[in-house]
Amino acid sequence: MKEPLIFEYSRPGRRAPSHAPGAMASLDDLPAEVLRADPPVLPEVSELQVVRHFTRLSQQNFSIDTHFYPLGSCTMKYNPRVCNRVAMMPAFANRHPYGPEEHGQGFLHCMFELQEMLKAVTGMAEVSLTPMAGAQGEFAGVAMIRAYHLANGDTQRRQIIVPDAAHGTNPATATMCGCEVVEIPTRADGDVDLEALRSVLGPQTAGIMLTNPSTVGVFERNIETIAALVHEAGGLLYYDGANLNAILGRALPGDMGFDVIHINLHKTFSTPHGGGGPGSGVVGVSQRLQPYAPVPVVGRKNDQYVWLTEKERPQTIGRLSAFMGNAGILLRAWVYMRMLGAEGMLRVSEYATLNANYLMARLMQAGFQAAYPERRASHEFIISLKDIVRQTGVNTMDFAKALLDRGFHAPTTYFPTLVPECLLIEPTETETRQELDAFVDAMIEIRDLALSDPQEVKRAPLSTPVRRLDDVRAARQLDLAWSENR
Amino acid sequence: MPFIPHTEEDVAAMLELIGVKTTDELFQEIPANLRIAGPDGIPAGLTEAEVSQLAQQRAAGDGDVVSFIGAGAYEHYIPAAVWDLATRGEFYSAYTPYQAEASQGTLQLIYEYQSMMTSLTGLDVSNASLYDGASAYAEACLMAVRANRKSGSRRILTTGAMHPVYRAVANTILSNQGIELVDLPVAGGVTDLGALAAMDGEDFAAVSVQQPGFLGTLEAVDDITDRAHAAGRLVIAVCNPLLLAALKPPGSWGESGADIACGEGQPLGIPLSSGGPYFGYMTCSKSLVRQMPGRIVGRTVDVEDRPGFTLTLQAREQHIRRSKATSNICTNQGLMVTAATIYMSLLGSEGLRRIAARCHANTRQLVTLLSGIDGVSLLYDSYFHEAVICLDRPVAPVLEALSRRGILGGYDLSEHYPELGNALLVCATEARSAQEIAAYGACMQEVLAKTQVA
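If you read the sequences in order, they're chains Y and H.
Letter by letter, the first sequence follows residues 1 to 486 of this note's numbering.
Letter by letter, the second sequence follows residues 1 to 454 of this note's numbering.
None of these hints come from the bench; they were simulated from the model.
Just so it is clear, the structure is predicted and the values come from calculations on it, not from any experiment.
By construction, the Cβ of each residue, glycine as well, lies at the ideal position given by its N, Cα and C atoms.
Among the clues, some could well be false.
Said to hold, decoys possible - Just a sample of chain Y residues kept apart from chain H, beta carbon distances all over 12 angstroms, derived:
id : residue
1  : MET24
2  : THR55
3  : GLN60
4  : GLY178
5  : ARG198
6  : LEU248
7  : PRO291
8  : ARG300
9  : GLY325
10 : GLU343
11 : GLY367
12 : ASP387
13 : GLU421
Stated by the list, open to error - Only pairs whose alpha carbons sit at most 16 angstroms apart, straight line, appear in this in silico EDC-like list of lysine to aspartate or glutamate:
id : chain 1 : residue 1 : chain 2 : residue 2
14 : Y       : LYS311    : H       : GLU202
15 : H       : LYS450    : H       : ASP381
16 : H       : LYS21     : H       : GLU9
17 : H       : LYS150    : H       : ASP203
18 : H       : LYS324    : Y       : GLU180
19 : Y       : LYS301    : Y       : ASP479
20 : Y       : LYS458    : Y       : ASP448
21 : Y       : LYS2      : H       : ASP305
22 : H       : LYS150    : H       : ASP223
23 : Y       : LYS458    : Y       : ASP405
24 : H       : LYS450    : H       : ASP392
25 : H       : LYS21     : H       : GLU8
26 : H       : LYS324    : Y       : GLU102
27 : Y       : LYS301    : Y       : GLU102
28 : H       : LYS286    : H       : ASP392
29 : Y       : LYS458    : Y       : ASP470
30 : H       : LYS286    : H       : GLU304
31 : Y       : LYS301    : Y       : GLU312
32 : Y       : LYS119    : H       : ASP40
33 : Y       : LYS458    : H       : ASP203
34 : Y       : LYS119    : Y       : ASP255
35 : H       : LYS286    : Y       : GLU102
36 : Y       : LYS2      : H       : GLU304
37 : Y       : LYS458    : Y       : ASP479
Stated by the list, open to error - Pairwise CB distance ranges (calculated):
id : chain 1 : residue 1 : chain 2 : residue 2 : range
38 : Y       : LEU30     : H       : LYS150    : 32 to 40 angstroms
39 : H       : LYS324    : Y       : ARG459    : 48 to 56 angstroms
40 : H       : ALA315    : Y       : GLU224    : 55 to 63 angstroms
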């Protein structure tokens, strides 16, 4: 059943009065021209109406807590409840960002430990916690690479090399940093094309952005050669940490030759995705980029934890947030990492990889076509539906919608774009074998239905609160806000 | 094994199906010299009870303090229902609503949020949020440079009365693209209008102004807006959204209104939490919507003509446009927007206005009390819910002495505004009681009496 807009419950004069001061204080001492003439139109509803409305809205979502959510490249693993409880403890939740260090030693101690643990799992010399999402971590990384070259007088190094399979944020970030993007192809076996790489390297090269395991779900076997080639050409290597879950505790980006890395705490370290954010894109840097790391960083002086700022780091690329990044998210990651310990981290990559390889093997056995059948899956893998599409006319999006009707969130669709009609599937380590088996059953059922009655698959979804939406109308007849005179 | 459900039987059966003997074999494509046995220097795992106890101990060390600090992050009472609802697993553990049919809860909520923000700011359209106030300001500057095609200038006029860290963050982000922020001087706590008038002949893509300004004072936003438009510049308004229940909305500034509004969403139900996660809001006039960064939700219909919600105008975004996108951003601060939408629904227009008015009244009460103390004076007479007071001695030792008495006395302005002397920015929101305000006054008196004038 469709839930009305909160505005539709509104009646003039209805209120939830226990949440605001009982009386209206005077604003008469302020000049009239700065004050608001007409009040904003917000809903006038009771507390019960609010609770009911938002509870019902929540029930119209798929989520990790309610459904298997194998969205590739997003690492939708279980978000432990205790992480949220700790972050919301009053002493942490009520701490003002400009509160003095002596009233923040507990918080800063946790942040210092988090930096140290992240250094240990990446092999980097220093970690800065301030970037507020993966894309901001990428920005910080490329900005540091540029700052490094400029400090060396290398003003012509403005090209960032990106594989064609890369996430869209990589090229968008390079542009935001004032760099030019050069794309290189991926080989049929999933590795970077070394010849293509050699041909674009030169005195104009600022660096390369890579994900490893890559966006096609396999480990880049030539990573050491790539690092040597890029470094010889005077460029630096940026590691997009989107897929760190696959190698957690087993291999260090620092050992592979990367100079800078961002880590999505909302993927590998299980902080909530929250319907689209907040994320956290902390960055790690090698020794040579340390002076440029974004501030503030947590340091330790005379047994006290302190903020290191522009004063201690005059070459920093600067600040990325008004205060200290997504501090409450960092606390959640700290809880998760302290619970896992070193052994727990190894188990994350072990079982994430086991689940992915099992699911890939089962789907291949059932006749689905893996994009890289000769390769080991990392923590995720790609299935291409192109043969089924050709046979039946049922496309990848139809498959995705039909999965919703069977109680599964769809995998990532049509990404990476170089594999036609693809599903990028990432089960994560927190799913049971039984859940994976049920997903395979659903995939087989949909394919069988596509062969016998393709139109029926194209009708999906039927069980969701709405059926397929008119995206063209959404973009052409823009309706982006409710207003009372409609 | 924390959070891993596999039994020994499961593992054996899975390995057999894959055709390997051990899980180690699954990692054979990683070159042997890159493989490690495990990370060094990670402490042993803790149980939930142990980690909770450790966190309690750490938190207890941070002490129980009463804060009069604002400076961009404000303590307000947050109704219990806000986070009880926002942390329901269906909101907390969902992701970006790529599959619209399976995400109508999140999508409708964002549409409701967009509706509330457009109404608060008096502008036509809102995005689904950005990271925080400072980064939203940086994005607004980038957007203004893209949008002001008539000007073509890569310079933005800003003001010394704008939050200094917002300007710093914007510089970090804009400087790589060769976009320059030019600071107007401050006079009497607000933007120097004479200095602004002297810039009339110069080309700038936009003028940005914060209302209330960082120093708590109120800017002449109508004049600034009209002058900017006359000079062919766009206007970027940086506003505290909670106070917009009482203050003139950017859409009504001057003859034709500001073009872009943005700011820090934290006052709308988000805990202080050492600085984040918060959310940045952004709204703009309809003509600029295609230049907006970030997610946007639109209302449409499904195949049965029922209303529904979906992400729209995605051709602006990085996953479609790659290097030509309006921004590299893909996140919105969804969970924070969830809390803010619930907060605004509970409070309504009347409730927000009462809170804003009480903040003003409490700060007046505090300032009256403090400026009655020998050695303390009020710097600017007109302010909203933060004010600058001046001491007759350096601020830092006084703040330290207050902090030992459990009072965080405000934000020391000496680093960013040394020209103001021994200046302190104080704030008393509606969360401060009359007793707490009185206690601050008494402590200040005691501290000043016990310490020497430098």
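The hints, checked one at a time:
no., hint, verdict
1, MET24, "violated (5 angstroms)"
2, THR55, "violated (7 angstroms)"
3, GLN60, "violated (4 angstroms)"
4, GLY178, "violated (4 angstroms)"
5, ARG198, "holds (20 angstroms)"
6, LEU248, "violated (8 angstroms)"
7, PRO291, "holds (15 angstroms)"
8, ARG300, "holds (15 angstroms)"
9, GLY325, "violated (6 angstroms)"
10, GLU343, "violated (6 angstroms)"
11, GLY367, "holds (15 angstroms)"
12, ASP387, "holds (23 angstroms)"
13, GLU421, "holds (17 angstroms)"
14, Y:LYS311 / H:GLU202, "violated (34 angstroms)"
15, H:LYS450 / H:ASP381, "violated (28 angstroms)"
16, H:LYS21 / H:GLU9, "holds (14 angstroms)"
17, H:LYS150 / H:ASP203, "holds (10 angstroms)"
18, H:LYS324 / Y:GLU180, "holds (11 angstroms)"
19, Y:LYS301 / Y:ASP479, "violated (55 angstroms)"
20, Y:LYS458 / Y:ASP448, "holds (13 angstroms)"
21, Y:LYS2 / H:ASP305, "holds (12 angstroms)"
22, H:LYS150 / H:ASP223, "violated (22 angstroms)"
23, Y:LYS458 / Y:ASP405, "holds (12 angstroms)"
24, H:LYS450 / H:ASP392, "holds (14 angstroms)"
25, H:LYS21 / H:GLU8, "holds (13 angstroms)"
26, H:LYS324 / Y:GLU102, "violated (46 angstroms)"
27, Y:LYS301 / Y:GLU102, "holds (12 angstroms)"
28, H:LYS286 / H:ASP392, "violated (50 angstroms)"
29, Y:LYS458 / Y:ASP470, "holds (15 angstroms)"
30, H:LYS286 / H:GLU304, "violated (29 angstroms)"
31, Y:LYS301 / Y:GLU312, "holds (12 angstroms)"
32, Y:LYS119 / H:ASP40, "holds (10 angstroms)"
33, Y:LYS458 / H:ASP203, "violated (55 angstroms)"
34, Y:LYS119 / Y:ASP255, "holds (12 angstroms)"
35, H:LYS286 / Y:GLU102, "violated (48 angstroms)"
36, Y:LYS2 / H:GLU304, "holds (13 angstroms)"
37, Y:LYS458 / Y:ASP479, "violated (27 angstroms)"
38, Y:LEU30 / H:LYS150: 32 to 40 angstroms, "holds (35 angstroms)"
39, H:LYS324 / Y:ARG459: 48 to 56 angstroms, "violated (36 angstroms)"
40, H:ALA315 / Y:GLU224: 55 to 63 angstroms, "violated (39 angstroms)"
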